[in-house]
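A.B. asks: For the protein sequence lines, the chains are A and B, in the order given. Each residue of the first sequence is one higher than the one before, counting from 0 in numbering that gives the first Met the number 0. Each residue of the second sequence is one higher than the one before, counting from 0 in numbering that gives the first Met the number 0.
Heads up, a few of these hints could be off.
[Unchecked claim] Heads up, simulated SDA-like pairs for lysine to any residue below, C-alpha to C-alpha not over 25 Å straight-line:
| id | chain 1 | residue 1 | chain 2 | residue 2 |
| --- | --- | --- | --- | --- |
| 1 | A | 91 | B | 62 |
| 2 | A | 91 | B | 73 |
| 3 | B | 73 | A | 261 |
| 4 | B | 201 | A | 215 |
| 5 | A | 145 | A | 95 |
| 6 | B | 73 | A | 269 |
| 7 | A | 145 | A | 123 |
| 8 | A | 91 | B | 199 |
| 9 | A | 91 | B | 269 |
| 10 | B | 73 | A | 171 |
| 11 | A | 145 | A | 186 |
| 12 | B | 201 | A | 92 |
| 13 | B | 201 | A | 181 |
| 14 | B | 73 | A | 273 |
| 15 | A | 145 | A | 122 |
Simulated from the structure, these hints should not be mistaken for lab results. Small disclaimer: the values here were computed from a predicted structure and weren't measured.
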Amino acid sequence: MSMVTPLGHGSPRDSFLPRCAEVSVRVERNDPVNEEYRLMVLRAPDAVLNCSPGQFFQLLCPVAGGDTPFLRRPMSIYGYDRAAGLLQFLYKVTGAGTRGLATLREGDMLNVLGPLGQGFSMPNEWRRLMLVARGVGLATLAPLAKEAQRLGRSLTAICSARSPELAMSVELFRDCGAEVIVVTDTDGSSAPEALRILIEDRIARDGVDAFYTCGSSRLLRLLQDIGARHGIPGEIAMEQQMACGLGMCQACVRSFREGDTIRHRRVCREGPVFPIAEALA
Amino acid sequence: MTDLSTRIGELRLANPIMPASGTFTEDLADVFDLSILGAHVLKTFTAEPRTGNPTPRVCDLASGMMNSIGIPSKGLDHFLTRALPFWARYDVPLVVSISANSSDEFARLAEAVTVPGIAVIEANISCPNVEADGRAFAVHADSTERVVRGLRSATDLPLWVKLSPNTGEPVEVARAAESAGADALVVANTVLGLAIDVSTRKPRLGNVMGGVSGPAIKPIALRMAYQAARSTSIPVIGCGGIATLEDMLEYLIAGCAAVQVGTATFQSPTTMQRLLAELEAWMMANGIRSIAEIIGTLQEAGDGVLSVDVM
Ligand SMILES: Cc1cc2nc3c(=O)[nH]c(=O)nc-3n(C[C@H](O)[C@H](O)[C@H](O)COP(=O)(O)OP(=O)(O)OC[C@H]3O[C@@H](n4cnc5c(N)ncnc54)[C@H](O)[C@@H]3O)c2cc1C
Ligand SMILES: Cc1cc2nc3c(=O)[nH]c(=O)nc-3n(C[C@H](O)[C@H](O)[C@H](O)COP(=O)(O)O)c2cc1C
Ligand code: FES
Chain A
0 MSMVTPLGHG SPRDSFLPRC AEVSVRVERN DPVNEEYRLM VLRAPDAVLN
50 CSPGQFFQLL CPVAGGDTPF LRRPMSIYGY DRAAGLLQFL YKVTGAGTRG
100 LATLREGDML NVLGPLGQGF SMPNEWRRLM LVARGVGLAT LAPLAKEAQR
150 LGRSLTAICS ARSPELAMSV ELFRDCGAEV IVVTDTDGSS APEALRILIE
200 DRIARDGVDA FYTCGSSRLL RLLQDIGARH GIPGEIAMEQ QMACGLGMCQ
250 ACVRSFREGD TIRHRRVCRE GPVFPIAEAL A
Chain B
0 MTDLSTRIGE LRLANPIMPA SGTFTEDLAD VFDLSILGAH VLKTFTAEPR
50 TGNPTPRVCD LASGMMNSIG IPSKGLDHFL TRALPFWARY DVPLVVSISA
100 NSSDEFARLA EAVTVPGIAV IEANISCPNV EADGRAFAVH ADSTERVVRG
150 LRSATDLPLW VKLSPNTGEP VEVARAAESA GADALVVANT VLGLAIDVST
200 RKPRLGNVMG GVSGPAIKPI ALRMAYQAAR STSIPVIGCG GIATLEDMLE
250 YLIAGCAAVQ VGTATFQSPT TMQRLLAELE AWMMANGIRS IAEIIGTLQE
300 AGDGVLSVDV M
C-alpha cells in the first residue's frame, strides 16, 4: 500500500478550469408576466454567463412560508446577456420550490449553479428552422430565436397555449425576426391533427430544414412522425426529476433509441437536448 | 503547521474528507479540482451490467432526500477498461465500491478489482442477499461475517465495509465485520423510507421504498458511527447528513477517523471544498495541530451538576 503524501488544499492545479459555477446572485426583478408565469432577472457574474441556448441552471430555492424545498430545481435559461451581466428565467409556480422562488424581491440573493447540460445545435445546413412549443417549453426555446437571428437563419415559431393570453414570448420571437403562429386550445388549432396540417403546409410551401421542440410527448410524437416522413431532423429539450444536475446521481435518466437497443441517458448531462428521432415519448 | 492528514489503517489520507459512494463522479471536476479530496470513492458497481430502478428515482424531503436509484452498472469490463484509467490522473487514493447478490459473487468481484490503481475496496453490503430471501447482508451479524470473510480471503487490498442503519443489531454487525477481517467500517448507508403523494395516492418513488439521506438522518448515522467506533478497534469513517463543519466535527469527536459527504454535494457541489477550508481554519483558530487531537474526544455526558438518586 502506497503512502500518499498529503496535498496542500486550496492549491488547484494550474490546468484546472471550472466549466460551471455555484454563485450567489442578486435578483433585479421577479414579476408575473401573466397569471401563471413569472420572469426573474438576475445580475450574474461572467463566470456563469458562458451559456448556450437549451442549457439550464439548478436554482437553490429559498425556504419560505412553510415550504422547505431541499434539492435544487432545474430551470432553462430564458435569456442571458454577457455584456450586461444578466441572466433570466421564466417559470411557472407549481410547488414548494417555485413558490419559494416567487417570494424573491429585488435585492434578494439567490444561489444558482450553472450553466449545465448540452444546449441546442444549429449546424450550417439547418437554414429554415421551425420551433413548436407549448407552456414552459417556450421558455426553453426562447434563446434559440436570438441565436437563429445572430446566425442569419429563418425561423417559424409555433406557440401553443391554452388560450391566446397565455401564449408567451410572442413579442420576443417577433423581435428576433421570427414568423410567429399562435395556436390555442380555445379555437382547436393546437390539436395534433390541426398542427399536422399547418406544419405539412409549411414544409410544402417554404421547406423546413430542422425542428426544435420541448417537453410534450404529443408534440414529440407528431414531430417524430412528420420528421421521419420528410427526412427532417430536429432536437428536443427534455425534463426529468433531478438531484445533482451534474451527472453524478443518475436520478434523471430517460430511455433513448440507439439503433436496435434502448439506452438510458442522463437528462442533466447528455441532455437536456436530444435528437428528436432518438427520444422516447 | 496544521496537519489535516488522517490514517485509515495503513493508508494515510491527505485530509479526512471524501465523497460518499453514489454521489460522486468525474463530473464534479466541472466545479472544483478533485485533487484536493482525501480519497475518491466511486459509485457501487456490480460484475454484470444492470439498469437500475424505474423513475422517479429521487424525491425531495423537508430535510433531505430519498432515492431509489438502485445500482445501475456498466459492469466489470467497462469499469476496468473505461472508468479506472480516468482516475489514474489523480494522486488521490481510489476507493471502489462493489456489490453482489451472494457471498461468492462478492468475493469474485473483489478479486477482479484487486488491480493496480485501486487503493481500497469498499464493500456495499446493504444490498439484498439472494441467499437470504433478499434481506441485506448488513442486517445481521452472521450474514455480515460470512460475506466479509469471503471478501477478506479474495483480496489483500484494504477492505472497508459499509454498514446499513437498517438493522436492529448495529454493534453485533460492526463486530462481525471486524472479526471477519474488515480494515475499516463506513457508517452508514441510507435509511429505508417511504413517501406518498396524497393527491395521486402513489408512492413518490418508482421503486416504492427508497433510502433517506441528508440532514434528516444525521443523528441516526452519528449514533451508529459512535457505536461502531466504541465497540471495535478498527477505524470508522462517518457518513450521513454531513453538510457543515459542525456536522463533520461531531463525527470526528464521536470517534470517526474520516468522513464521507453525499447528499450535501447535490445541494451545494462545492461542499467538500468548503468543509476542507473551514476545517483547517477552525483548527488554526483553536490551536489544534492534527486531526488526531479531535478523533474520539467525546466527553462524559451531563451538565456537571451531581445527580441525586431519586429512586
Ligand atoms: C432541464 C429542465 C428545464 C426546465 N425549465 C423550466 C423552465 O424554464 N420554466 C419552468 O417553469 N419549469 C422548468 N422546468 C420544470 C421545473 O424544474 C419544475 O417545474 C420545478 O422543478 C417544480 O418544482 P416545485 O418544487 O415548484 O414543484 P413540485 O412539484 O413540488 O416539485 C417536486 C419535485 O419534483 C421535481 N419536478 C417537478 N416537476 C418537474 C419537471 N417538470 N421536471 C423536472 N423535475 C420536476 C422538482 O424539481 C422537485 O424535486 C424544467 C425542468 C427541467 C428538467
Ligand atoms: C443518489 C444516491 C445514490 C447512492 N448510491 C450509493 C451506492 O451506489 N452505494 C453506496 O454504498 N451508497 C450509496 N448511497 C448512499 C451514500 O453513499 C451515503 O451513505 C448516504 O447517502 C448517507 O450520506 P449523506 O446523508 O451524506 O448523503 C447513495 C446515496 C444517494 C443519495
Ligand atoms: S440529476 Fe444527477 S445525474 Fe442527472
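A.B. asks: Hints first: check each against the structure and report whether it holds.
C.D. replies: Results of checking the hints against the structure:
For the given pair, residue 91/A sits about 24 Å from residue 62/B by alpha-carbon distance, which is consistent with the 25 Å threshold. A threshold of 25 Å between alpha carbons decides the hint, and for residue 91/A with residue 73/B the separation of about 37 Å lies outside it, so the pair is violated. Of the pairs offered as hints, the one joining residue 73/B and residue 261/A holds, with about 14 Å between alpha carbons and a cut-off of 25 Å not exceeded. Restraint check: the Cα-Cα separation between residue 201/B and residue 215/A comes to about 22 Å, which is no more than 25 Å; the hinted pair holds.
For the suggested pair residue 145/A and residue 95/A, the alpha carbons sit about 32 Å apart, so the restraint of at most 25 Å is broken. Restraint check for residue 73/B and residue 269/A: satisfied, since their Cα atoms lie roughly 16 Å apart, inside the 25 Å limit. A C-alpha spacing of about 16 Å is found between residue 145/A and residue 123/A, which places the hinted pair at or below 25 Å, so the restraint holds. Between residue 91/A and residue 199/B the CA atoms are separated by roughly 21 Å; this keeps the pair inside 25 Å, and the hint holds.
Restraint check for residue 91/A and residue 269/B: not satisfied, since their Cα atoms lie roughly 28 Å apart, outside the 25 Å limit. Between the alpha carbons of residue 73/B and residue 171/A the distance comes to roughly 44 Å, so the proposed pair goes past 25 Å and is violated. Between residue 145/A and residue 186/A the alpha-carbon distance is near 29 Å, which puts this suggested pair outside the 25 Å criterion. Between residue 201/B and residue 92/A the CA atoms are separated by roughly 22 Å; this keeps the pair inside 25 Å, and the hint holds.
At most 25 Å may separate the alpha-carbon atoms for a hinted pair to count; residue 201/B and residue 181/A exceed this at roughly 36 Å. The suggested pairing of residue 73/B with residue 273/A holds, with an alpha-carbon distance near 22 Å, which does not exceed 25 Å. Under the criterion of a C-alpha separation no larger than 25 Å, the hint pairing residue 145/A with residue 122/A is consistent with the structure, at around 15 Å.
The structure fails to meet hints 2, 5, 9, 10, 11 and 13 from the earlier list, while all remaining hints are met.
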